[in-house]
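What follows is each chain in one-letter form.
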Amino acid sequence: MTINSHPTLPEFEYVKPATLAEASEFLASHSVEARPFLGGTDVFVRMRDGFLTPKFLVDVKNLNGTNDLRFDPLSGLTLGAAVNMNRVIASPEVQTHYPLLAEACRSVASYQLRTRATVVGNICNASPAGDTIGACLVFNGVLHIHGVNGPREEPLAIFFLGPGKTTLEAGDVVTAIHFPIPPKGCAGTYLKLGRNQLSDLSIVGVTALGHPDASCPSGYRFRLALASVAPVPLIPADAQTYLANNSITPESLRETARLSAEACSPIDDVRGSARYRKEMARNLSAKALTIVWEKLK
Amino acid sequence: MVKTNTQNVPSPIGESKPRIDAREKVTGAAIFADDLQFGNSLLHARIKRSPHPHALIKNINITKARAMPGVKAVVTGEDFPGYIGLYLQDRYIFCRERVRYVGDPVAGVAAVSEEIAEKALDLIEVEYEVLEPVLDPELGASPKAPLIHPNLGQYLVANFIFPQPGTNISNHFKIRKGDVDSAWEQCAAIVEHKYRIPHIQHVPIEPHIAIAKVDESGKVTLWGSSQSPFAQRNLIAQSMGISQSDMRVIAPFVGGGFGSKAGVSMESLVVAIATKVKGHPVKLLLTREEEFFTAFVRQALVAYFKMGCDEKGRLLVMENTFYWGGGAYTEYGVNVTRAAGYSSSGPYEVSNVKTDSYCVYTNHPVGGPMRGFGMPEMHAGLEQCIDELALQIGMDAVAFRKLNCLKTGSILVTGSKMHPTGLPQCLEKVAEAIGWGKKAPPSAPNKRRGKGLALMWKAPAMPPNAGSGAWVELAEDGTVNVGVGGQELGQGVFTVAAQMAAAALGVPYESVRIATPVDTRYSPYEWQTVASRLTWSMGNAIVNAAKDAKRQILDVVAEDWGEPLEDLDIVNGMVISFKSEKEIPLKNLVVYGLPKPDGQGWRGGPVIGRGNFMPTYVTGLDSETGQGERAVVHYTTGAQAVELEVDLDTGRIEIIKGVSAFDVGKAINPEMVKAQMEGGFVQGMSSALFEILQLKDGVLQNPSFVDYRIATSSDIPKDLQAYIVEVPQDDGPWGARGIGEHSMVPTIPAIANAIYDAVGVRFEGPPFTAEKIYLAMLDEGRSTNDKG
Amino acid sequence: MTFHKINVTINGELEQVVVPSNMTLMRMLRESLALTGTKNGCSAGECGACTVLLNGEPVNSCMVLAVECDGTEINTVEGLTGDKHFNLIQEAIIQEGGVQCGFCTPGILISSYALLKRNPNPSEDEIREALVGNLCRCTGYVRIIESVKEAAKRR
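Sequence order for the protein chains is A, B and C.
To convert, note that position 57 of the first sequence is 57 in this note's numbering; the numbers rise steadily by one, no gaps.
To convert, note that position 369 of the second sequence is 369 in this note's numbering; the numbers rise steadily by one, no gaps.
To convert, note that position 107 of the third sequence is 107 in this note's numbering; the numbers rise steadily by one, no gaps.
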């Protein structure tokens, strides 16, 4: 029943490995006691509150490639793990090819926090409220992970297991997230409902991305991802399928939004009630889809 | 005191001089309490706190904690038997026998570092016997509720506070005026409502901090972020059994107070701990989380209003019952109950009033003074009822208020008469500025627009004999040093103090310095920096001190020049004679005096002016009827109006325009007065839209900025206007009275009334969150989603 | 707990500081270097009172470890007071009345300074967005926003 908060960060050892191999080795051999960190904006807060008690904090910034933001017109965007959100927002390549990602980053916290916060960190924190996760999902992000057995790739779509739980194993360091070139004619938006006009964590967040797709009966494919409505970032598959198969009208957009809300299983918490979240999931989905549709047509 | 003379206002009164402390604040040089450097002997304190809202303490074992390396002292309530409190002594410094809220201090540790002190807390073993908590003030007031203070009858209490021993009621204030029962029959419209106002908090950006050092002889020095250095000296000295003169309080800049740093809260903890480590300063800095659940909160309120008017819309009768959620200790909050009671008619003339205002103990955090001192909580419901009554009788809300609001000479709910007031002008001003009666179209099909307004009044709530002192001394270069006991919280009091001293003495503003930090050893007495009283009270003291200094100066010069006093004055730092046109700069005489002619000696000497002010005319109020000749020193009145939009898809509100008008008597520094109106509006708006301490079973669920939301730069309206109305206060310096609190009082009901105008829903209480509004519209069939 | 010796340039001066792993930049500035202009309002990255420049960009110094600052450049309100663009904002905030208690002020000034550097002519919305991480309880933000506009004009 006591409210925890330390006046300072609890004691720990700061470890800065020189290479990825060193990082993975250290993390694997201290699996319970060591935790990697990038910007620290989630980790430090949870440590001070007493929820995380690592003995070792392993700084995985500045390892091979983690500081790079590289765009290739054929293969897409590789966003290093240590690239902070302000850099993502300011990047001309992101603004041109993945504007939804910049929009999502911009909704996070404050300018000061975004100087430290990273997209990969947001993903690894695996909060269902993560603002940038939706954009990463709809852009088909693939995580580049370095583990004890060397590098591997993992699609973001299968990465989240529960609140704060991912498929990462001891020794794993995410070094980057890669996005393939988006489909031609993409348009997207991220709508975030917080308590304040800006900043705040989302009560509900809706990411929507749409593009022309001849293989769909409706002529368009839409991707949706919802934040803060389920234990993990939620992709309402039925809603997406429905809109792929039915011509785009105000009614079908509304129906898609209803299906989107139906897929949600929100909880009551200090930020909002389940009932309100369900309503907002629907309303914001409708709004987001409408915005994207207006951009597309 | 200065008689109001609106024709002859000397410079720099009425001028928007730049802040006297601005430069040090923008360079980072301004010293706040946590910036003070104490060297290697500094110890750090942390507090062991109750995890239960209500429990008996069966046993405390501090041996392991005390034995930890680096720990220098561990104290419990056993060491400190004295009670402490401002109006009612119902608190121990550390709990003895019983804990009464989650966070109640049970033990304290001093150690060489904050980390060691924090770790030592885990080694303190406390055994509790959990008791049933009281979590609602109305239930707490009922005879069946568990007793939180069984010894209430033995507590020392001020003679204008009426606790009910054997209950949880620590004060019961009554108004019995006229004949309420018969008056209902004459009403053409009656409105009856219940409101529930939650606990919220001040949230100064600087958390509470105090450092205490006790020397070998037992003399105490306390540094802290404090609105009340002298009250802290008095109350802590009394509780610890030492002389006030042996308790020195030094108070640097305060990083926001709003009432949270008034009276005594965490300061007594660190003084107590320091007695065990004599010679060492001991610092206690609250974490932000501790701020939220252990520092003062604003009282909660369950309020029942019933009011009626005749067919012409004249208010005839009001019946009010207030159950104030005072929290675990109501040593300060009992006066909120009283203040609300004697203000319970709102700023209206009503001949028949029955009010019962109860201060009720609950096992929630401690209710203390917060900006408005009961007025925001009370007006929140009252001003909504006024709107509803106007609607029922078919009158426009502005016209209804125009008819009923207080004017000069109105008879008040306490039976006294209203002094000259600009309330009608304030009402007119905000109605005009908000475009009352004109409906602008919403900015989008899914939005609804509404306008609402509210009036307010408030008097400084304080004992009848709260006083101020000041001294004025000059240096060899002619600069003026002003000693004050009031504190700069950001409201600008040092600036207006300098302006008033400059005007009363006759020197330029730029040559005045305020003697800071306030130090009870050297600074003159000031009751507390609360109640929006300093410009008026401390201002009067400063003017008196300046006039005293001026008199000393002119006496010397008059003698030296052989001219009568009436022909002399001080202008711009020079003594001048209107008659002979002689002049002499102040600096030539204020320290060394003037030589007599022919080497015959000297006149004068170091000039030191003294002045004080204490109201002498406040009478008591009858304990049964609440009637009295003059209940308070004066009222500041005012009005606010808002225009807002409700987003039908989310329920979220956007405030488009906010307008304030307050009668401040005389704006000593107009831009700073407007800044108070702006800041108060935003804090009021924040309390209306976002703020609530979410307490569940007595445990705070949102003890951090993450989930206790306050207004950010993105939330304020694009158009925020502030208007000054000046109907002078007879005994205020140049007619001035206070503004600091008032601008936060009408905001909740103004917004509530605007929400009703926009979407036709009302609520039991704030915050009017997007969720509340959306679900209310949904449940009433009003939500339109995408249908426009 | 390990202590780390770091080299960090603070307000243009190279400092060598020994810091424990768990010390934040904020605490290093305030406690190890007595640079108390940077304020501690929450230690949780929410209020912005601790905002400083790290390699030219605003950060909440309570959310950065001191040891992470090895080899970096830090600017605080004390040092920036020598910068003419910073002075413009300081003068503007005094003139517009955007200072009351002063506790949020250093953070506000730094966020504003950084904004005007990257966006010399910000719109009102851009100013609000840039300052959303700096909480102020006294002013209601009105005069702070005006002072940024005024400083932009004077640049």
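Note that these hints are calculated values from the structure, not bench results.
A virtual CB, placed ideally from N, CA and C, is assigned to each residue, including glycine.
Mixed in with the good hints, there may be bad ones.
[Said to hold, decoys possible] Per label pair, the in silico range of CB-to-CB distance:
id: 1; chain 1: B; residue 1: 565; chain 2: C; residue 2: 13; range: 34 to 40 Å
id: 2; chain 1: C; residue 1: 12; chain 2: A; residue 2: 62; range: 41 to 47 Å
id: 3; chain 1: B; residue 1: 15; chain 2: C; residue 2: 3; range: 53 to 59 Å
id: 4; chain 1: A; residue 1: 157; chain 2: B; residue 2: 445; range: 46 to 52 Å
id: 5; chain 1: B; residue 1: 701; chain 2: A; residue 2: 22; range: 53 to 59 Å
id: 6; chain 1: A; residue 1: 217; chain 2: B; residue 2: 445; range: 55 to 61 Å
id: 7; chain 1: B; residue 1: 439; chain 2: A; residue 2: 247; range: 38 to 44 Å
Evaluation of the provided hints:
Distance hint check: the CB atoms of residue 565 of chain B and residue 13 of chain C are about 59 Å apart, inconsistent with the given range 34 to 40 Å. Look at residue 12 of chain C against residue 62 of chain A: about 24 Å separates their beta carbons, and that is not inside 41 to 47 Å. Take residue 15 of chain B and residue 3 of chain C: their Cβ atoms lie about 55 Å apart, and the range 53 to 59 Å holds. For the hinted restraint 46 to 52 Å between residue 157 of chain A and residue 445 of chain B, the CB-CB distance of approximately 37 Å leaves it violated.
Hint check: residue 701 of chain B to residue 22 of chain A, Cβ distance near 42 Å, so the stated range 53 to 59 Å is violated. Taken as a hint, the range 55 to 61 Å is violated for the pair residue 217 of chain A and residue 445 of chain B, whose Cβ atoms sit roughly 30 Å apart. A beta carbon spacing of about 39 Å between residue 439 of chain B and residue 247 of chain A agrees with the range 38 to 44 Å that was offered as a hint.
When held up to the earlier numbered hints, the structure conflicts with 1, 2, 4, 5, 6 and fits the remainder.
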